[in-house]
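Chains A and B are the protein sequences, given in the same order.
So the first sequence is numbered by my numbering: it starts at 1 and just counts up by one.
So the second sequence is numbered by my numbering: it starts at 287 and just counts up by one.
Just to be clear, a hint being listed does not mean it is correct.
Some chain A residues judged to face chain B by a derived CB distance under 7 Å, without partners named [stated by the list, open to error]:
id: 1; residue: P132
id: 2; residue: R134
id: 3; residue: R175
id: 4; residue: G178
id: 5; residue: R180
id: 6; residue: R183
id: 7; residue: N228
id: 8; residue: R229
To give an idea of the interface, some chain B residues facing chain A are shown, with a C-beta separation under 7 Å as derived from the structure [unchecked claim]:
id: 9; residue: E398
id: 10; residue: P404
id: 11; residue: F707
id: 12; residue: C836
FYI, nobody ran anything at the bench for these hints, they're computed from the structure.
These figures come from a predicted structure and were not determined experimentally.
Virtual Cβ for every residue (Gly too), placed ideally from N, Cα, C.
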Amino acid sequence: MSIVNLHPRTKIVILAVVGCLVVLLDGPISLAVCFLASTCLVARSRASWHQIRLLILVVLLGTWGLVYSQAIFYSEFPRTPIFTLINQDFPVIGEVTGGIRFYREGLLYGAVQSLRFNTTLAIGCFIVWTTPPRDLLVALVQLGVPYSLAFMVTTALRYIPLIGSEAVTVVRLQRLRGFRFLRLNPIRTFSGILNSLRPILMNNVRRATQLGEAVESRGFSPEVAAGNRTSLRALKMGRCDGSLMLLLLACLLSVFCLKTLYFLYANGLYYASWLRGAYTFTREML
Amino acid sequence: MSQNIAIESLSFTYAGRSEPTLRKINARVNSGDFVLLLGPTGCGKSTLLRSINGLIPHTSGGLISGRVRINEANVAEQPLSATSKQVGFLFQNPEDQLFSVVVEDEVAFGLENLAMPPDEVNRRIDAALTQVGLSGFRGRMIASLSSGQKQRIALASLLTMQPQILLLDEPTSYLDSKGASNLLELVRQLNETAGTTVIIAGHQVDEVAPLCNRVWLMHSGEIVSDLPKDRAFQRLDQFRQLGIAAPALAQIAEENGLADRPLTLEDALYCFRRDTGGMQPPFITKVENRTAADEMRNGPCSNIPDEYPTGRGSNFNGNPLIDVQNLTFRYHRASPVVLMRISFQVGRGETIAIMGENGCGKTTLLMLMIGLLTPSEGRVILDGRDAVRYKPQQLAGLAGLAFQNPDLLLQAATVSDEVAFGPKNLKLTSQNLVDRLENTLQMFNLKNLRSQTPYALSQGQRQRTAVAAVFSLHPQLLLLDEPTTGQDRYHLQKLMSVLNDAMAKRNRTVIFSTHDAHLTLKYANRVLLLDRGELIFDGSPETAFADPDCVERASLMPPLGMQLGYALNSGKAA
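Just chain B, same shape as in the assembly:
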């Protein structure tokens, strides 16, 4: 195969930073390769991808040495417009890369820049939209699309330029399981049928590992491992050492002493049946019987101390913390219904996950629970009082909310001020204030960052600061809206473990919305599933993930370990 990307001794230090983000990287990618780039948050994955498509050094200030060559041309020396014909770059958040109102304009943008004749532009738009499965969407408003559709439109806008190389920076972070698998299937087809070279950075290793043919492991700005897929997952020690999630099935196979490291359910079933000779040895029984929490505890991040027992029970005592009664909501009188006749109760001490596909009303439900929105019908009783009767500042200490985007909450000059902001507003005595600040900083491992500006921190650190800032008010109810976005599993589990432990000790309630099955199975004792505004399930996560109807309607993806357990039990793939 011909080589089309060559990275030679590439180092890069962002302006204003003393430490380099990339350190002497050397790598080669052949035409038609599919590379999975793994590494903990902040290790330099995005910076590396940006260097390959020339955004670094063309749009970022900093110190660069070494070079990236694409088909022998140095990307630093050719204009970005020339590189853009060869390399397509799909960003993490669909909202931040689409700037047109209508699909057609968005998809045409690149070709218009290349001054293509209008007939050719039209032909390529139609072809690209067909390729991403959105052929009837040409005249649609982008705002009316789901996140998954938006990400496919972003991909179509790259495909029109017919790039030889596709770089994807955590492209499924904002998508539900269905949206993510559709996108990845599309990328697989491009790689297999059109021979497009693909480099994909992300944390969703289970979904991407079966598609790739090479794996790069990155840590602290270096590629510490560059191996073909069949060798990359043979020994998983390195994954554990680096705090990187390894494929769940490969991990289970290793634990059970299997010779191979399967990445798909079919392969895993084959390996288990082959290696056990048709018998059901004890290790299979272990897989069958392991609970979802076990699956996570022994799973990819088993080096994380797990101090928190899962499955916290609820404590209603006839006085629920939240009582949602026949709740219906629409944003405007003429707009469609977002939530429809929803009723449930939440007790003190519960940990509840809200799941469902993009746009099903998860965030809206969270906001309704604390009276930030007024129900169209029905009502929400929060701690014995109609939620809409609370003024937001009266909720301080009763309910806290952290959104997916931590930057909407961070407003102070230092991390310390940020965490102290809420307790100060509660007018605590100075000694109580100091105690609470120190305890919270300690609990969330922020002491060494206390004098730093929150905006200068990494995404994971900002998320941790935002949650700490909300937690410092010691609310009875903590609401987290998609806390997983942009976080690797190691940091996410650390954050959730600390938080859940602290809330459990105080018998406080945590409710989080998420697409992450692992997170739900590990931390929630109850899950609410939404489908187009309807509550379709309210019960234990294990039951939800075992019900094919729930899985389909709420766009869930049961963890592969769990699917394997069921498949081995039933004799067929779940």
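Just chain A, with the same shape it has in the complex:
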């Protein structure tokens, strides 16, 4: 069975488990393994080149933003400057800030944060790209999410591309009227961006109102959603789904136990000599 065809509930569990794992883990190697695994999922998702390109762009921008900001603004000690951007005797800025430097520890911390962010992002994309919204809706309801909420989430997902294309149109129409978004005056740039948001927002308010009316005209209400509603679409879990979920949960549990033991050891609360191997593995890898 291809991983693409997993039950949507399994895919959501993968996201939840990996989401917990990347919070528990703080070793660059283990996080890099998680990220690589998530990119493998994306590679199997049969996404279009356009989608992949978009993901790569977001990953690169996110990584750059996190690494750069953390490397500059890292405030913990010890910290090792790699190079200096602005010397402390530089007029005004240098005197006020005491100099701006690029710290190695900040760079590493930023890299770790970006691996966490990018891993969950990639798995989220894998789920959205490989699961029809109707199946996602069924899976969310099976996981106990209220129907109204699940319906809102999946409908919103369906409208994301449309909102994206509307945003492009709004920007184009403004530029056709001679507006330049990037200006020397940041206030005008900012107000231009705000003005662009207005038509997008208003359109979506109108659409949401119309959609709400269409939905209610067909007998939908919170009471109906909470009650005994028929679902034409039935999804069944396979053996692979169960095995994978067990494996993932076991993995999460193991990491949690190892991290807890290491925490007890590192804080002098509990030590067992036969666990030395586990302590070393946790420190070096996790």
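Given the coordinates of chain A, assemble chain B onto it according to the supplied hints.
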């Protein structure tokens, strides 16, 4: 017949408004009736329909008095889910009422809400899809369907719930002629065979009038006339007074002194032949010889002053404004071709209509003309330069584009700021800016709305503001994408007349895409017809509408007056 809708002293004022949208409406609809609801834009048609199916007051804030009863039950007092079993509501825009990805899910949605057993849901889905002529579409993706098919899917999703009453709010506005006539035929069948009560609001009176048995005329929140069809069209003065389009054939019959008011071509032919005793009197010659522009000028909105002469000539002078050379376009390398090897030139001062069925590439062609999309093959030369080489902001003053949905363009806090936005970006001197703003507001009749928020205006006013905002840049080329959507003929003609007049005075070019034959015949001196991405005709609108092959391939519907002229001339229906 048993009565199944009773509207009793119904008034409704939206929250935040001082004036009521509905004023003391009283009306009765019997089971199996087919009511045509006519009125100018903003008169309260949609609000009335929403009150009948209970969306008002259940989902809209506001002040309501009076009541709507369906089979004696007050819709305001019963839950919407109960009313939805009796009343189906088809909205104007198919895109805004379909929320599923797959046809099956969309059609099943209502039945799932009613907690029907899955077997029954399956049976009803198949039956409804067969009824709307889409029986093989159950597993299809909704995004892959045409607008007409989407609207039929929306109708199927209502039919599964087997409503006794069907309310349709301008259901053909977004459809081409073929899609519209298919949908209306379906509604007719439902009314005749299943006895479904139908109330349809819209501006397409020629198509719907033959199907209905009652006509309601609405104005400023009131039903000012409620008559059976045979009496409703006897005197058309009221239509003219209210600025509502009357059926074209009835209008022609009245002008020519005929006793009856025919609504179909067959009836009109019969009336003309009967009343002329087989002779061809002068008035028939007049009908034969009237040009399409005459047909419109003397047609339903003849009270509109017509200052603009139609048939503006082109002015190439060896230097066309646009030169489209062997243009082919596809959105992605692997996606199907949208436009195929298209070539034509556009001169200064021309007014050109682009027509063709939904999805034939009209909007894409407009965007390619000003370089917003890059051709896959071929090129577009705009004012002597490859269109893709222009940055969008360099086009300000050269080309302007207004889309079907004005809300994508409106971004300022007031109408005045909206109109001034473009000229400000052109860095006009303050005196020039003021002059241009005042002239544009005056020209588009927006002076009294200048301090209002654009989003608070009616659809027609928003459309006018959007076009004024583009026009204020005084572009050499103005592109309008489906300017007719949601507009009644009176307001549309006012907008187009003002615009066309202003552009003609400056020898500027207007290109608009549309499904509206009247609009093309009245304002365009040239029409481009597209069929599945191919340019199949480039010439005068009169020639296009007279060619049966063009009419069929581009899903055109010649105006009935024109069809009558041809039929009387040839002795048979066109």
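Do the hints match the structure? See the list:
1. With a least beta-carbon distance of about 6 Å to chain B, the hint placing P132 (chain A) at the interface is held under the 7 Å criterion.
2. Given hint, R134 (chain A) at the interface with chain B, holds; its Cβ is 5 Å from that chain's nearest Cβ, closer than 7 Å.
3. The interface hint given for R175 (chain A) is met, as the beta carbon of that residue sits about 4 Å from the closest beta carbon of chain B, less than 7 Å.
4. At its closest, the beta carbon of G178 (chain A) sits 3 Å from a beta carbon of chain B; the interface hint therefore holds under the 7 Å criterion.
5. Contact between R180 (chain A) and chain B, as hinted, is supported at the beta carbon level, the nearest pair being about 6 Å apart and thus within 7 Å.
6. Residue-level restraint check for R183 (chain A) is violated (minimum Cβ-Cβ distance to chain B is 11 Å; threshold 7 Å).
7. A least Cβ separation of about 5 Å between N228 (chain A) and chain B falls short of the 7 Å threshold, and the interface hint therefore holds.
8. Proximity of R229 (chain A) to chain B holds as hinted, the smallest CB-CB distance being about 6 Å (cut-off 7 Å).
9. With a cut of 7 Å, the hint placing E398 (chain B) at the interface with chain A holds, because the nearest CB-to-CB distance is about 4 Å.
10. Interface hint status for P404 (chain B): upheld, as the beta-carbon distance to the closest one in chain A is roughly 6 Å, under 7 Å.
11. A least Cβ separation of about 6 Å between F707 (chain B) and chain A falls short of the 7 Å threshold, and the interface hint therefore holds.
12. The closest approach between the C-beta of C836 (chain B) and any C-beta of chain A is roughly 31 Å, which is over the 7 Å cut-off, so the hint fails.
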